[in-house]
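Could you put the whole structure together from the sequences, leaning on the hints where they help?
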Amino acid sequence: MIQIKNVEFSYSRNSKLFAGLDLSLSPGHIHGILGKNGEGKSTLLKMISGMIFPQKGKIEVLGLEPQKRQPEMLREIFFLPEELPPITLSIENYEKVYAPFYPNFSHEQFQNYLQEFEINSGKSQINKLSYGQKKKVFMAFGLATNTKIVLLDEPTNGLDIPSKAQFRKMTASALEDERIMLISTHQVRDLDSLIDSIIIMDAHQIVFNELCENITEKLLFSYGKENFKGEEVLYSEENLRGFDQVSINKTGEESKLDIELLFNTVLKNRQRITEIFSNPNNKPF
0 MIQIKNVEFS
10 YSRNSKLFAG
20 LDLSLSPGHI
30 HGILGKNGEG
40 KSTLLKMISG
50 MIFPQKGKIE
60 VLGLEPQKRQ
70 PEMLREIFFL
80 PEELPPITLS
90 IENYEKVYAP
100 FYPNFSHEQF
110 QNYLQEFEIN
120 SGKSQINKLS
130 YGQKKKVFMA
140 FGLATNTKIV
150 LLDEPTNGLD
160 IPSKAQFRKM
170 TASALEDERI
180 MLISTHQVRD
190 LDSLIDSIII
200 MDAHQIVFNE
210 LCENITEKLL
220 FSYGKENFKG
230 EEVLYSEENL
240 RGFDQVSINK
250 TGEESKLDIE
260 LLFNTVLKNR
270 QRITEIFSNP
280 NNKPF
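The opening residue of the sequence shown carries number 0 in numbering that gives the first Met the number 0; numbering runs sequentially from there.
Honestly, the hints are just simulated from the structure, not real lab data. Incorrect hints may appear among the rest.
Stated by the list, open to error - Have a look at the derived ranges for each label pair, beta carbon to beta carbon: (1) 96 / 25: 29 to 37 Å; (2) 59 / 98: 24 to 32 Å; (3) 241 / 21: 25 to 33 Å.
Said to hold, decoys possible - Derived DSS-like pairs: lysine-lysine, alpha-carbon spacing no greater than 30 Å straight-line: (4) 15 / 67; (5) 45 / 168; (6) 217 / 35; (7) 163 / 127; (8) 67 / 55.
Quick reminder that beta carbons are idealized off the backbone N, C-alpha and C, glycines included.
Here it is as C-alpha cells:
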C-alpha cells in the first residue's frame with residue numbers, strides 16, 4: 000500500500016508544485032498516472048521512492064516512510080527514471096552488482112525479459128547501447144527484481160511500436176496480487192489495454208483516480224458520424240471518421256475505454272466528472 004496525505008513540495012520558495020496532495024494506491028493493480036508535461040508526475044515518483052522528500056505531509060510505502068530509506072523498504076522498490084543512469088558496466092556485470100540488493104531477483108526472468116526485448120548479448124556495454132535498448136535492459140531488470148513496488152517514469156519513451164507492445168505484454172504478465180505498479184506518462188495511448196487504474200493530474204493536483212471497471216460503468220465511449228448533443232454528453236471531438244464522444248452511461252451499456260478521450264474529458268469537464276464519480280447510485284443529473 001502507498002499512502003500520500005496532505006503533501007506539500009516545492010523546488011523554489013515562490014512556487015509550490017504540490018499543496019495538499021492526497022493519493023492512495025492498492026496492490027494488485029497497474030496504476031497509470033497521466034498528465035501534461037510539468038504536472039509533477041516525475042516528482043511524485045521520486046518522493047514515493049525516497050529520492051526527494053516532501054516539505055509537509057506524510058508518505059507511507061509498505062507502512063514505512065521513504066525519507067528514512069530503510070533497507071526493508073528499498074529492497075522492495077524499483078524505480079526507473081526517465082533520465083537513465085550512466086552505467087558503464089556490461090549487462091552481465093550490472094546484474095552481478097545490483098541483483099544482490101533485491102532478495103527476490105530472478106536471473107531466469109531477467110534472461111527471458113531480455114530475449115523478449117531482443118537484447119541477445121549479456122556482454123554488451125550498457126553505455127554503448129541506444130537509448131531504447133538501454134531502457135529495455137533496465138525495464139527487464141526491474142521486472143525481474145520482483146519487488147512489491149515498481150515505479151516507471153515515461154517507460155515507453157524511446158521505444159519503437161513493436162517494443163511498446165512487448166513492454167505492455169511483459170508488464171501485464173509481471174503483475175501479482177501483492178505488487179503495485181505505477182507508470183507515469185503523457186503519451187496516454189501507450190498504456191491502452193495495460194493499466195487497470197487511472198490517475199489524472201491537472202494543475203499539480205490529483206483530479207481523478209478510478210479503476211477502469213468503474214469508469215466504464217459510469218461513462219459511455221462512443222464513435223460515429225453524428226455529433227450528439229445534450230446534457231449527458233460530457234465531451235466530443237471531431238476526427239476523420241466522425242465524432243468521438245464521452246457521455247454519462249445511463250443504461251449500463253458496455254463500451255471500450257479510450258484513455259485519451261477520458262483524459263481530455265476530465266481536463267475539459269472536471270467538475271461534472273467529479274460529480275458523476277461521487278454519485279454512488281450513478282443517477283443522471
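Legend entry - Hinted pair residue 45 and residue 168, Cα distance within 30 Å: 25 Å, holds
Legend entry - residue 96 versus residue 25 beta-carbon gap, inside 29 to 37 Å or not: About 33 Å separates the Cβ atoms of residue 96 and residue 25, which means 29 to 37 Å holds.
Inset, instruction - For the pair supplied as a hint, residue 15 and residue 67, confirm whether the alpha-carbon distance does not exceed 30 Å. - result: 23 Å, holds
Legend entry - Supplied distance hint 25 to 33 Å, evaluated on CB atoms of residue 241 and residue 21: 39 Å, violated
Inset, instruction - Measure nothing beyond the straight line between the CA atoms of residue 217 and residue 35; if it is 30 Å or shorter, mark the hint as holding. - result: 24 Å, holds
Legend entry - 30 Å limit on alpha-carbon distance, applied to hinted pair residue 67 and residue 55: Holds, at about 15 Å.
Inset, instruction - Can you let me know if the beta-carbon spacing of residue 59 and residue 98 is within 24 to 32 Å? - result: 27 Å, holds
Legend entry - Given pair status - residue 127, residue 163, alpha carbons within 30 Å: With a Cα-Cα distance of about 21 Å, the restraint between residue 163 and residue 127 holds, given a limit of 30 Å.
Going through the hint list in order, the structure does not satisfy hint 3, though it satisfies all others.
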